[in-house]
Amino acid sequence: MTTMTMAAALNAGLRRAMERDPSVVLLGEDIGRLGGVFRVTDGLQKDFGQARVIDTPLAESAIVGAAIGLAMRGLRPVVEIQFDGFVYPAFDQIVAQLAKLHQRSSGTVRLPIVIRLPFGGGIGAVEHHSESPEAYFVHTAGLRVITPADAATAYVTMQQAIASDDPVVFLEPKRRYWDKADVDSAVDVARAPSPWQSRVVRAGTDVTVACYGPMVRTCLEAAQSHESASCEVVDLQSLSPLDTDTLIASVRRTGRLVVVHEASGTAGLGAEVAARVGEACFFELEAPVLRVTGYDIPYPPAQLEEHHLPDLDRVLDAVDRVLAF
Amino acid sequence: MSDSEPAVRLLSPDGERLADGRYDIDVSDAALRDLYRDMVLVRRLDVEGTALQRQGELALWAPCLGQEAAQIGSARCLRPTDMAFPTYRDHGVAWARGVTPLQLLGLYRGVTNGGWDPTQLHCALYSIVIGSQALHAAGYALGASLQGSSDATVAYFGDGATDEGDVNEAFVLAAGFRLPLVLFCQNNQWAISTPREGWHGAPIHRRAEGFGFPGVLVDGNDVLAVMAVTQAALDRARSGDGPTLIEAFTYRMGAHTTSDDPSRYRSADEVDAWSRRDPIRRLSAYATRIGAADESFFAEVEAEADELAQVVRAGVRQLPVPPPESMFDHVYAEPHATIAEQRAFLTAYQDSFADEGVA
Ligand SMILES: Cc1ncc(C[n+]2csc(CCOP(=O)(O)OP(=O)(O)O)c2C)c(N)n1
Ligand SMILES: [Mg+2]
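If you read the sequences in order, they're chains A and B.
Here our numbering is used: position 114 in the first sequence is 114, and no number is missing along the way.
Here our numbering is used: position 77 in the second sequence is 77, and no number is missing along the way.
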């Protein structure tokens, strides 16, 4: 076990994947010499060379589009988009090209591409640096979408995402980059549990709180601080496919569900989760499913973000409301 | 500098007046002093911006240090009803368009996503998504030409931005519609850690030819040369002859932003070499040489800069944090039920804490 930050764990996961598979190449803006603006690729160009860690021009559509060509040529590209708000120039390449080509080619073209995307707010940044675009990608058939909540899962899921033969949008909760955890770097990734499932990160009996990415820590803190209720916290982790088995089993036990995410509520993950749980748990639910999400507004200026982002109090408020129903 | 024609230059680094043969400009002594004042004040504003970020008063700052001649020289050529589309680094452009220092700091303090009225100032909001504004500028120029106006438009963007599809698509529009547009690229040699040098493509200004309009390389640290080429490009635009690409060759003397550590990717020697080509020193040397300015004038501007710094320092701390409900303002032009509901929720939620306080 080594204690490391999530950024370091991602770096270690990338390194391990590159060591194991020479076809893994990294592409992105400022990822080589600089090591990425968050230093997630720090040192990799030095150790693996410029042919495997490629500093690209400032052109997101070019980066993802070229990754498709690289994959067709047998490589496994891992692409970094510098910030959530800068993925949109690549939108066509992701949703109209990358997501569809496997099916269009009747399965003959494999696109084992990982798109790494630092996402979410809470770091006091200027606009376009704090967004949560996951719903766009979850809504797009053909993409897998995953987000690790801590350093240990980041280390493993990064390698699993790279090993996947499907395109994966890998969302990195940037405000948790500096959170430390124990990481087992000797773990045998091939035998690790599937990343495409949710996990109970805290057991409880009264309310289920479903969340993912940056909100997992927030919800764990809320659960711990609740004076009377016993909250079960489920980290969804895999947003596409969405693993509802774990969640439904939990809600069957607790009878109550709160879903939490930073992204705007309308047509967000919370809506999908609520619908699925509503379909499966109609008779077990003791209260309507509540969502705690960002508002349906453009991400606000940094000084107001605390009012926009779900925090401990808002999670507790929703927990109390489902309990009081 | 590049393998094509030499850059347009009207001032040597020591402030000697040079003849270029292609471009020239007549600038009165008073106008020279104004340019100098602009550049010194913008630099002070910029230095304050960096300092204020270090003190925790700003979330971020993107310094324009070293690029004052490119920004002031070009933006001061614009008429009041011409339109500028700046990037996050173009504080000199914003300044010249009349954006106040405190309006400009609001975005970086994190109290607004905008800061000023683009319609009133004829200066678009800063664009952070690289290259996006070039297309807005092309559309704006198309609008002006469809309306038969003589307004010109300037799109500002960096060397890195010329990689983006948006900027290249703006070139296509500019050429295809013969737009009254000046495409003003500040090649400050770096796009964060990505150097312009060593890239195998054509020099930026030479790309214009392929799109079907002229491109010109100018010494971006020479305010007179920048004015001369910009004025010519604006004249061309107004007379219906179409767009011009200007590559202002300059240098980002500061970090990319206050979050950046440039020592990871560039040498102190390089920065040092460029500091010898400082645009403000070049202008003051020239103004002194021809007797357009003297020590007392420089001292006066220095005092003005001190005063500006004070105003900025005091003002920034008092920039009001807008009330939380303001997040819901202006999301739509017309009433929107979801927004109304969520605003009411937030108000009630906050009131619930106030009640607790009273109880
Ligand atoms: C679409 C997009 N991708 C990435 C970024 C992150 N980013 C901000 S500034 C920058 C470099 C821009 O370089 P350049 O165009 O030369 O302008 P400069 O910063 O040098 O003024 C990058 C990559 C962004 N803001 N927008
Ligand atoms: Mg640049």
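Some clues are possibly wrong.
A few chain A residues facing chain B, derived, Cβ under 10 Å [to be verified]:
no. : residue
1   : D30
2   : H102
3   : S105
4   : S106
5   : G107
6   : G122
7   : V126
8   : Y177
9   : A280
10  : F282
11  : F283
12  : Y299
13  : P301
14  : L304
15  : E305
16  : A324
Label pairs and their in silico Cβ distance ranges [as the list claims (entries may be wrong)]:
no. : chain 1 : residue 1 : chain 2 : residue 2 : range
17  : A       : G69       : B       : F297      : 30 to 40 Å
18  : B       : R281      : A       : M1        : 49 to 59 Å
19  : A       : E306      : B       : H336      : 17 to 27 Å
20  : A       : M1        : B       : G315      : 48 to 58 Å
21  : A       : D320      : B       : T347      : 52 to 62 Å
22  : A       : A203      : B       : T347      : 54 to 64 Å
23  : A       : E19       : B       : V331      : 21 to 31 Å
24  : B       : S149      : A       : G124      : 54 to 64 Å
Hints in this document: simulated from the structure, not taken from any laboratory.
What you are looking at is a predicted structure, and each value in this text was computed from that prediction instead of being measured.
Where a beta carbon is used, it is the ideal one built from N, C-alpha and C, also for glycine.
Enumerated hints in conflict with the structure, sorted upward = Of the numbered hints given earlier, those the structure breaks are 2, 3, 4, 5, 6, 8, 9, 10, 11, 16, 17, 21, 22, 23, 24, listed in rising order.
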